[in-house]
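Trainee: Whenever a hint applies, use it, and build me the whole structure from the sequences.
Each chain is listed here by its residues.
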Amino acid sequence: MPPAISVKNLTKTYASGLVALRDVSLDIAPGEIFALLGPNGAGKTTLISIVCGIVTASGGEVMADGEDVRRNWRATRRKIGLVPQELATDAFETVLSTVTFSRGLFGCPPNAAHIERVLKDLTLWEKRHTQIRELSGGMKRRLMIAKALAHEPSILFLDEPTAGVDVELRRDMWALVRALRENGVTVILTTHYIEEAEEMADRVGVMRKGELILVEEKAALMRKLGKRRLTLCLQEPMAALPPELAQWRLDLAPGGLELGYTFDAHDERTGVPSLLRRLSDLGIAFKDLHTSQSSLEEIFVSLVSERVQEGLPA
Amino acid sequence: MSFTAPRSGGSGFNGHGVLAIYRFEMARAIRTAIQSLVTPVITTSLYFVVFGAAIGSRIDEVGGVSYGAFIVPGLIMLTIFGESISNASFGIYFPKFTGTIYEILSAPVSPFEIVLAYVGAAATKSIVLGLVILATASFFVPIEIAHPLAMVFFLVLISVTFSLFGFIIGIWAKGFEQLQLIPMLIVTPLAFLGGAFYSIDMLPQAWRAVALLNPVVYLISGFRWAFYDTSDVGVAVSLSMTGGFLVLCLALVAWIFRTGYRLKA
Ligand SMILES: Nc1ncnc2c1ncn2[C@@H]1O[C@H](COP(=O)(O)OP(=O)(O)O)[C@@H](O)[C@H]1O
Ligand SMILES: [Mg+2]
Chain L
1 MPPAISVKNL TKTYASGLVA LRDVSLDIAP GEIFALLGPN GAGKTTLISI
51 VCGIVTASGG EVMADGEDVR RNWRATRRKI GLVPQELATD AFETVLSTVT
101 FSRGLFGCPP NAAHIERVLK DLTLWEKRHT QIRELSGGMK RRLMIAKALA
151 HEPSILFLDE PTAGVDVELR RDMWALVRAL RENGVTVILT THYIEEAEEM
201 ADRVGVMRKG ELILVEEKAA LMRKLGKRRL TLCLQEPMAA LPPELAQWRL
251 DLAPGGLELG YTFDAHDERT GVPSLLRRLS DLGIAFKDLH TSQSSLEEIF
301 VSLVSERVQE GLPA
Chain P
1001 MSFTAPRSGG SGFNGHGVLA IYRFEMARAI RTAIQSLVTP VITTSLYFVV
1051 FGAAIGSRID EVGGVSYGAF IVPGLIMLTI FGESISNASF GIYFPKFTGT
1101 IYEILSAPVS PFEIVLAYVG AAATKSIVLG LVILATASFF VPIEIAHPLA
1151 MVFFLVLISV TFSLFGFIIG IWAKGFEQLQ LIPMLIVTPL AFLGGAFYSI
1201 DMLPQAWRAV ALLNPVVYLI SGFRWAFYDT SDVGVAVSLS MTGGFLVLCL
1251 ALVAWIFRTG YRLKA
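Just so you know, the sequences run in chain order L and P.
The opening residue of the first sequence carries number 1 in this note's numbering; numbering runs sequentially from there.
The opening residue of the second sequence carries number 1001 in this note's numbering; numbering runs sequentially from there.
Among the hints, a few may not be true.
To be verified - Below, computed lysine-lysine pairings styled on BS3-like, alpha-carbon distance capped at 30 Å:
#1 L:K140 / P:K1096
#2 L:K209 / P:K1264
#3 P:K1264 / L:K8
#4 P:K1264 / L:K140
#5 L:K127 / P:K1096
#6 L:K227 / L:K287
#7 L:K209 / P:K1096
#8 L:K127 / L:K140
#9 P:K1264 / P:K1096
#10 L:K209 / L:K8
#11 L:K209 / L:K227
#12 L:K140 / P:K1174
Claimed, not checked - Partial selection, computed: residues in chain P whose CB lies under 10 Å from chain L:
#13 G1012
#14 H1016
#15 R1023
#16 R1028
#17 R1031
#18 F1094
Claimed, not checked - Negatives, chain L to chain P, calculated, CB over 10 Å:
#19 K8
#20 N40
#21 G59
#22 G60
#23 L135
#24 E168
#25 E199
#26 L234
#27 D251
#28 G260
#29 R269
#30 S292
Calculated from the structure, these hints are not laboratory results.
In this text the structure is predicted, and so the values were computed from the model without any measurement.
Positions of the beta carbon are idealized from the N, C-alpha and C atoms, including for glycine.
Mentor: The structure is reproduced here in structure tokens:
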């Protein structure tokens, strides 16, 4: 089976001269859930927009289901559904009419049963005769998904589906993505949140400044990203690290009041309990402690420096 | 859930897509039916009161036709110019403005199908409106239609052409002001000076030459010929001017889609 999506040497320079994509290549397998992770401006939306035909590429090629999206655009577009990042709806249309519109627009004959199923799955059926302007933000977002599913796509793009969305809706979204996968739909989603990629994706691609700097199985990436940091606020300042603590490779903040320990949350033995025992044996008292996950930015920095060490271009 | 049902149908014309856009546009018109139909009817009636009754009582006949009847084709044309442009330009500008254009751009609809749907809907509205005004006018003045087929042909041709022109304006416009700019600054003046309310034979010789530079003169003249069999310029000239404008608009639209002008980054 050909990849659901295959991107080769894709580049995009906007009319402003801004380079949004630099030589991006990526294959996504049928039925896979792929998360594109990256900070704002990394080029995620640009990549999706080129695949969907909204933005014109400057170079490279894109295949969907083994067919070129420019040469065989009619066939490929029928297979692709897009939920864009921004809420964009026709205020005066009703829920049912706008979803029916989407199905027709994508060249499918009417199918009331399918539309009903989609609206029920997204808990919008009760609202089918309501004008879109009367829907809440969360309902509008679900409606955008319903529109994208109206023509039964086999590949679905979700551009930041949970940005600015409450916890409950986020869980609904995750459940929906899983249900889609069970039906064999390939899902490509973008997000800023590592937890989201962790929750949903099979594989994760990390973008930064127009480059796809890394593509990994989620499990492998989570090991890399799973570094946590324990910070201990000491009662008494410490002049230097005692040799008894050497095995933990701690760092001492200037002023000697904060002790930091970086560990891997996925390890069987994180070293945290033994460290705390040793501290108490040594009579080192602390008044507070907290752990934090590395931020996305820190992870990018560490990923990039890793590549530099490996002699790859950053 | 079943999102991957097998699908039939080849890769040809997307009729469902064209119909979806066409219906969407017509539904928008029906929602605002009061504005889109009642307003022009009232406006037309006012024209008859002012021009037909007040002025017409001082002008007997123009080329053998009573003044009230003489202005009917021109009135219909004025409304069609304005409504075609505003309907079609708004139809395509609004999705750009709200962002819903993403769906059209990512759908399996060709540029030709997009134009067919939007321009087809705008032209349909104009044609209906033209017929409604004609019906309204017939309450005020006796109307004959010498060449009914030609009348319908001109009505359709001009509705399509100006809808196409409006579509181009809608794509070009970056804001609501620009949407009004060309209709207000160019089309309305040209339309009023285009012989809707007078025959250019009534003008002094020098002004007559100037008037003939106005393309609208040819459109109104041709349409009026279909009613009363009299015209300022030859029908063939009218027809070729209208056709020429249509071809020009088609070429512009083709260029827009080939380059992605103001539609795709
Ligand atoms: N239409 C456009 N014209 C010019 N620059 C753009 C356009 N769209 C996006 N950009 C720029 O391209 C870069 C990538 O943007 P985008 O693809 O939206 O990133 P992301 O989705 O990862 O936040 C950004 O610097 C953005 O400002
Ligand atoms: Mg984005």
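Trainee: Taking the hints in turn, state whether each one holds.
Mentor: Quick rundown of the hints versus the structure:
At most 30 Å may separate the alpha-carbon atoms for a hinted pair to count; K140 (chain L) and K1096 (chain P) meet this at roughly 19 Å. Between K209 (chain L) and K1264 (chain P), the direct Cα distance comes to roughly 22 Å. Compliance with the 30 Å bound is thereby established for this hinted pair. Between K1264 (chain P) and K8 (chain L) the CA atoms are separated by roughly 21 Å; this keeps the pair inside 30 Å, and the hint holds. This hinted pair checks out: K1264 (chain P) and K140 (chain L) have alpha carbons roughly 25 Å apart, not beyond 30 Å.
Among the hinted pairs, K127 (chain L) with K1096 (chain P) is consistent with the structure: their alpha-carbon atoms are about 26 Å apart, no more than 30 Å. Between K227 (chain L) and K287 (chain L), the direct Cα distance comes to roughly 24 Å. Compliance with the 30 Å bound is thereby established for this hinted pair. Using a Cα cut-off of 30 Å, the hinted pair K209 (chain L) and K1096 (chain P) holds, with the two alpha carbons roughly 27 Å apart. Taking the CA atoms of K127 (chain L) and K140 (chain L), the gap is near 11 Å; set against the 30 Å cutoff, the hint holds.
Under the criterion of a C-alpha separation no larger than 30 Å, the hint pairing K1264 (chain P) with K1096 (chain P) is consistent with the structure, at around 11 Å. For the proposed pair K209 (chain L) and K8 (chain L), the alpha carbon gap of about 18 Å is at most 30 Å, so the pair holds. Restraint check for K209 (chain L) and K227 (chain L): the C-alpha separation of about 24 Å stays at or below 30 Å, so the hint holds. A C-alpha spacing of about 26 Å is found between K140 (chain L) and K1174 (chain P), which places the hinted pair at or below 30 Å, so the restraint holds.
A least Cβ separation of about 8 Å between G1012 (chain P) and chain L falls short of the 10 Å threshold, and the interface hint therefore holds. Annotation: H1016 (chain P) was flagged as interfacial toward chain L, and the flag holds, the nearest CB pair being 4 Å apart, inside 10 Å. Because the closest C-beta pair between R1023 (chain P) and chain L is about 8 Å apart, less than 10 Å, the hint holds. Among the interface hints, the one on R1028 (chain P) holds; its C-beta lies about 8 Å from the nearest C-beta in chain L, closer than the 10 Å criterion.
Hint status for R1031 (chain P): holds, given a least beta-carbon distance of 6 Å to chain L, under 10 Å. Checking F1094 (chain P) against chain L by beta carbon gives a least distance of about 8 Å; that is within 10 Å, so the hint holds. Residue placement check: K8 (chain L) keeps its beta carbon more than 10 Å from all beta carbons of chain P (closest about 21 Å). For N40 (chain L), the requirement that its beta carbon stay farther than 10 Å from each beta carbon of chain P is met, with the minimum near 17 Å.
Distance to chain P confirms G59 (chain L) as a non-interface residue, since its nearest Cβ pair spans about 15 Å, more than 10 Å. Listed as outside the interface, G60 (chain L) is consistent with that label: its C-beta sits roughly 16 Å from the nearest C-beta of chain P, beyond the 10 Å cut-off. The claim that L135 (chain L) is not at the interface with chain P holds, since no C-beta of that chain comes within 10 Å of its own (minimum 15 Å). Consistency note on E168 (chain L): stated as away from chain P, and its beta-carbon is indeed over 10 Å from all of that chain's, at 20 Å minimum.
With a closest Cβ-Cβ approach of about 20 Å to chain P, E199 (chain L) is found to remain outside the 10 Å limit, as its non-interface label requires. Every C-beta of chain P lies more than 10 Å from that of L234 (chain L), the closest at about 54 Å, which supports listing it as non-interface. No Cβ of chain P approaches the Cβ of D251 (chain L) within 10 Å, the least distance being about 46 Å, so the stated non-interface status holds. Against the 10 Å criterion, G260 (chain L) stays outside the reach of chain P, whose nearest CB is about 45 Å from its own CB.
With a closest Cβ-Cβ approach of about 43 Å to chain P, R269 (chain L) is found to remain outside the 10 Å limit, as its non-interface label requires. Non-interface status of S292 (chain L) relative to chain P is upheld: no Cβ of that chain comes within 10 Å, the nearest being about 37 Å off.
Every hint, counting from the list given before, is met by this structure.
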